[in-house]
Structure formats: C-alpha cells, structure tokens
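Protein chains: 2
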Amino acid sequence: MTTIKAYGTESAEADLEQMEIERRDILENDVKIDILYCGVCHSDIHAARNDWGNATYPLVPGHEIIGRVAEVGSKVANFKEGDLVGVGCMVDSCQSCSACEDDLEQFCEEGMVGTYNGKNKHTNKQTFGGYSTSITVKDDFVLNVPENLDIKAVAPLLCAGITTFSPLNHWDIKEGDKVGVVGLGGLGHMGIKFAVAMGAKTIMITTSPDKAEDAKRLGADDVLISKDEDEMKKHKGTFDFLLNTVPVKHDINPYLNLLKRDATMVMVGAIEPLEPMHGGSLIMGRKRVAGSLIGGIKETQEMLDFCGEHNIVSDVEMIDMKDINNAFERVTNNDVKYRFVIDMESLKNEQ
Amino acid sequence: MTTIKAYGTESAEADLEQMEIERRDILENDVKIDILYCGVCHSDIHAARNDWGNATYPLVPGHEIIGRVAEVGSKVANFKEGDLVGVGCMVDSCQSCSACEDDLEQFCEEGMVGTYNGKNKHTNKQTFGGYSTSITVKDDFVLNVPENLDIKAVAPLLCAGITTFSPLNHWDIKEGDKVGVVGLGGLGHMGIKFAVAMGAKTIMITTSPDKAEDAKRLGADDVLISKDEDEMKKHKGTFDFLLNTVPVKHDINPYLNLLKRDATMVMVGAIEPLEPMHGGSLIMGRKRVAGSLIGGIKETQEMLDFCGEHNIVSDVEMIDMKDINNAFERVTNNDVKYRFVIDMESLKNEQ
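For the record, the sequence lines run as chains R and G.
Quick note: the first sequence uses my numbering, first residue 1, plus one each step.
Quick note: the second sequence uses my numbering, first residue 1001, plus one each step.
Hints were generated in silico from the structure; no laboratory data involved.
Among the hints, erroneous ones may be present.
Derived DMTMM-like pairs (lysine to aspartate or glutamate); straight-line CA-CA distance at most 20 Å [stated by the list, open to error]: (1) R:236 with G:1343; (2) R:260 with G:1102; (3) R:298 with R:175.
Taking CB as the label site, the calculated pair distances span [said to hold, decoys possible]: (4) R:57 with G:1272: 44 to 54 Å; (5) R:122 with G:1311: 25 to 35 Å; (6) G:1097 with R:219: 26 to 36 Å; (7) R:71 with G:1098: 54 to 64 Å; (8) R:110 with G:1229: 51 to 61 Å; (9) G:1170 with R:52: 35 to 45 Å; (10) R:122 with G:1174: 31 to 41 Å; (11) R:221 with G:1254: 35 to 45 Å; (12) R:172 with G:1229: 16 to 26 Å; (13) G:1170 with R:75: 39 to 49 Å; (14) G:1170 with R:110: 27 to 37 Å; (15) R:144 with G:1170: 32 to 42 Å; (16) G:1219 with R:219: 47 to 57 Å; (17) R:172 with G:1272: 29 to 39 Å.
Every residue, glycine too, gets a C-beta built ideally from N, C-alpha and C.
Pulled out of the complex, with its shape left as it was, chain R reads as follows:
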C-alpha cells in the first residue's frame, strides 16, 4: 500500500479538498500510473455532490486521466515504464458476459466498475479517480495515448471524446453524410471535430446564435439555429444522422423532423426524462432515436488512434488543483470552452 495525495470529498456536504488516500499494491496485471492531467467532467460534480444519491465517501472524482506508466505487474506485456497512457470511465468489468465479449464493457451485465465511486470486482476495494497524483489500474483498462498529440488536451477524449466518437463510429458516419450535432458544450465540440474528420458535412445545431462563430472555428460547415423555424423547415428531412449532446430535458420532436427517412438521432447527454415525444415523429419516415454510453475499451483505443492520425484533441482550459471548486461552478454555469483540465503538477506542489 502507498499513501498518495488526492483531491476529494469526505462527505456529501464537504467541499473538495486535499486529502490522503491509500492506493493498493500492484497486482500481476496492474499498471501504476503517475497522473499528469485529469479532465473535469460534469459527472464529477454530480458524484462529488451526491446528486445521484449513490456516492460513497471519501470520494475522489476524475475519469479523464492521462499519465505515464510508473510500474507494471509481472504479467503485464503491453505496457512499460514511461509509456504515455490514459484511463477513462471504467477500470474493470466481469470480462466474461456477452457485452464484455463484444468489447462493450460499458454495458457489462454485472455492471462496469467506475473509475471512481465503484468497487473493483477483482480486488473488492473501492475505486478512487484521477484528481490524484497516482492511480493503479488493470492493464486491460489502460489505453495507449499517441505521443504526437498535445497531451494535456487529450485527457477529455477519455470521456467526452469516446462518448461522441462511439455513436458516429457505430452508426458508420462516412464522407458525404449530412450530420447534425445538437448542443455545443464539452460533448458537442468533440462531436463536431469527429464528424468533420470522418468526412461528414457537419452542421452545428444550437439554440444560441452567439455560438455560431465558435462552431465554425471548430470545423462545422454550417450552423442551424433551432429557434429559427424557417431555417428548421429548410433543413427538414435532410439529415443522415443527428448526435444529440444536450444534457438536460428538452423537446426532441423538432430534431426528429430534421432526419431523413430511416435515419437516427442518438442521445448521449440527457440522462433524464425528455419532453413528450410525438409517436408521429418516428412513424412518419420510419425514424429512429437511440442512446449511446461512452464506448468499450477497444473502441476507446480506436478513438485515440483516430485522434493521433487526425490530430484531434479537446479545447481545454488548464487549471490548478486548488481551483477545482471554482471550475465546478463554471462548468455548472456552462462557462468553459470546452473542458477544464487539471495540471496534476499543481497537486504535487501543494503543501
């Protein structure tokens, strides 16, 4: 056992503050990672604040982790000291159910083990996340990170990246497809980058005209303001695919209306009840609405390789560990372009 520095909460009420946690000794298949950077995901805030009612304290958030391998277990073949690696939202699963066998560990029938606030199936210990100087993870859940990328901006790929890459990849988006990305935030800005890189004609769909310029800077071919009924009518029935990243309750009927016959809108943001969907929105045109949750480990590696090849990273704002509470406030207020990343050096240097 080693004791390391981490940022976490001792209870639902406590602010995030520096604490010390015990990290387990490495097992034969484990990879111990010195953390360089960790992204700040909306889920971190929900977990720290126990918004979902399932937090176990002490709790160390963080599941967009980039670091270098410090040590490997005796049976680890694919990683060695010094390798640049990443850890995303999962650190374990049963590895034997049909979902795991299909490389979709996020849908493990026994439940995937979250990078924090989970219980490791193999060690039976609680998991602590990436707001920390170190983490130890089973090799099957460690990802190779291409060295050519701006590595601090790679961190958000491990959650925001795979969440948007996976549906575009699974629904086979290809050159010439007309793809709409609904909502421009941490997820949406990655959706634009991926859809553009896949060769799609990519339209940013947003309620806010003031986001148009930034959407184009990110690569969107065009912007569609969803409150403009005339513009929405012009685009009716023309989209091959919609990636809906809106994280809150909203009315999806106007977006379904944009889809071509037999086309799909995939929801990745809103884990809550939506406004009533009209049956006719699906029946007329045999349309589909689906959901998608992060992505499996194999696909996450494919996503990182794709990013290496196309030089894709997240747009980030770097913060010191001590500024995390302020960052949480700003994320809650949608005031970040588009992801905060913690420079973990700032935690090492804290007294």
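Fit chain G to the known structure of chain R by using the hints.
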C-alpha cells in the same frame, strides 16, 4: 363516369349514410374492382368524424378492400377480369422520388395519395374509399390476393396486416428471436400471428390479464402482464424486438427496459405525444425506438403471399353496411375481436 352506391358522410356532423358517388372512367392503367369486403379501420372513424381536421366532404371511408377485377384498362398487363385483388391505404404516389424508387410509397416525398380523402396525382380527382360497391385504382396499387385464404378475413391484412408485418420484416425477425407484441387489438392480434409464423418466441405484453387466454389462442407462447412489476423485472433486458401497437398516449419506459442491448422497439399505433421518455432508457444498453407506417406496395404483396403460404388471416366479425355506425361505436370502445369487415353484398341489396 358511373354512379355507384357508397356509404359516406356529407359533412363532419352527418352520420354515415348511403349515398351515390361518381366513379371516374377507367384510364389505360386502371383496374376497376367490384368490392366484396371492406375492413373497418380506426382511421376510418377519425376521418369520418374529422378528428384530424383534414376531411373533405363528401367522404367515403375504407382502405381494407377485397374484391374481384371487373374491368381493366388497355395497358394493364398484370390483372384480368375475375382476379381476386386487394387495395390498401394508398392508391397513388409520385412514383419517381427516392422513397417511391425504394418501394416505400407510403413515404412518398410528394405525399402518398390515400385511398379516401386524398387527391389522385394523375387524375386530379378526390379519392373515395371502400365503403362502396366499386373502386377504380391504378394497377401499380392493386394487390394480388391468394385464393386459398378465407377472403372475407383477408381485408384487414391490407392495413392492420401490413402495419405489423412491415416492421417485423424490416427488422428481420427470425426463428428463435424473443419478440414482444405490446397491446392486443386489431394491430396486436396480427403482430402475434406474424411473429409466430416467422418463428419467433412471441410474448403478448398487455395491461389486461383477461386478454391472456385469447393471446395464447392466437399463438402467443406466453403472456406478460405489464402491470406486474415482478414479472416485468424477470423479463428485463431479454427481448430482441418489441412491436408496440398501443394506439394511445402511454409510458414506453417500462417496455424499453425489457429490450436487450442494441435492440429496438417499433411504434406503429400511437400517433400522438407519448409520456416523457427517459434518456437513460435508451443510453443504458444503446437501445432504440423507431416508428413504422403501413408498408410499401411491394412489401404489401410479400405480406399477402406470406399469408397465403402460412394461412394467416385476421380474426373478423362480419357486419352489414347498415350497421356501420354501431361498429364505429364498438371499435371506439375496443369491443371487437379483432376487426369488423363489411360484407358489401349488404350494400348492393340496400334500397
């Protein structure tokens, strides 16, 4: 022009009553049909009562039509006098858009022409439906009916049949699939028959325990009472496909919960706003909900051929034309097993 007997309404307020309408002369591609039977569809009632606000009076309902060819135009090659034929919900479409080219005339980009209350694109005349002794229809929209079936019970196949066959066929239901049919009415009872004939393990899902016996008589392997939470839990995540025939607003979340990962529920009944769907119902398990509308002419012919091969017809209750208003009341009260069919001989004999 010929003048024929029909049952229809002269205005939104009027009851259905016998009237005389003019049928157009046959064009070179037309088939004139002596109507033997016509099914009574829920849509007929909505149209007669102008529930959808788009009725043009006088209006003759009926789009589940079975009859024999009386006369054919000079260019009709596929039909001859005496052939047993059917006409469903459409009698025309543009026949040149991408939907029509894909044999999905129901999604014609210029709008399909309804069998009644529509405007024929080629003749520019209003269409009148099957509550009538005769109808004249473009040959491309006339279907061959297998002679081996109980023909009076074939009529509802032209709407209720294709509406349920099409999604099961399109989503490729096959032997061994576990299929749930939600709701037991005119659509649901056909859904059971088709799913069983396709080799699926077919479960009737209903709120009403008193429907269990009849569902089994129709061929369902089992019945799941959706109000029984313990039973619903047992079936969680086990269905390959759900065909949702419920025609009214309802909560689809409990049904989505029954689907396997990546599986689909198709809505065919509810053309109205549903209860709020939870984003998580789709995101957890990458599930899908889709819609489906009747079926194209090619697929409708496939459905009729499939019925001929598997000896599938609708369960019907025969009525005389004069009893139509009572039948409308009973359909509205869900008091029919499972489809009324008008014996058109009863109209011919009326004074």
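Checked hints:
Restraint check for residue 236 of chain R and residue 1343 of chain G: not satisfied, since their Cα atoms lie roughly 43 Å apart, outside the 20 Å limit. Among the hinted pairs, residue 260 of chain R with residue 1102 of chain G is consistent with the structure: their alpha-carbon atoms are about 14 Å apart, no more than 20 Å. The straight-line distance between the Cα atoms of residue 298 of chain R and residue 175 of chain R is roughly 23 Å, outside the 20 Å bound, and the hint therefore fails. Distance hint for residue 57 of chain R and residue 1272 of chain G: a CB-CB separation of about 46 Å, consistent with the stated range 44 to 54 Å.
For the pair residue 122 of chain R and residue 1311 of chain G, the supplied restraint of 25 to 35 Å is violated, since their beta-carbon distance comes to about 56 Å. At about 32 Å, the CB distance of residue 1097 of chain G to residue 219 of chain R agrees with the hint of 26 to 36 Å. Range check, residue 71 of chain R to residue 1098 of chain G: Cβ separation about 59 Å, and the 54 to 64 Å hint holds. Checked against the hint of 51 to 61 Å, the C-beta distance between residue 110 of chain R and residue 1229 of chain G comes to roughly 22 Å, which is inconsistent with it.
Taking the beta carbon of each, residue 1170 of chain G and residue 52 of chain R are about 37 Å apart, inside 35 to 45 Å as hinted. Here the CB-CB span from residue 122 of chain R to residue 1174 of chain G is close to 38 Å, well matched to the stated 31 to 41 Å. A beta carbon spacing of about 41 Å between residue 221 of chain R and residue 1254 of chain G agrees with the range 35 to 45 Å that was offered as a hint. The hint said 16 to 26 Å for the Cβ distance between residue 172 of chain R and residue 1229 of chain G, and at roughly 38 Å that hint is violated.
Between residue 1170 of chain G and residue 75 of chain R the CB atoms are about 48 Å apart, so this pair conforms to the stated range of 39 to 49 Å. Taking the beta carbon of each, residue 1170 of chain G and residue 110 of chain R are about 33 Å apart, inside 27 to 37 Å as hinted. One distance hint, 32 to 42 Å for the beta-carbon pair residue 144 of chain R and residue 1170 of chain G, holds here, with the actual separation near 40 Å. Taking the beta carbon of each, residue 1219 of chain G and residue 219 of chain R are about 54 Å apart, inside 47 to 57 Å as hinted.
Remark: the range hint 29 to 39 Å for residue 172 of chain R to residue 1272 of chain G is upheld by a beta-carbon distance near 32 Å.
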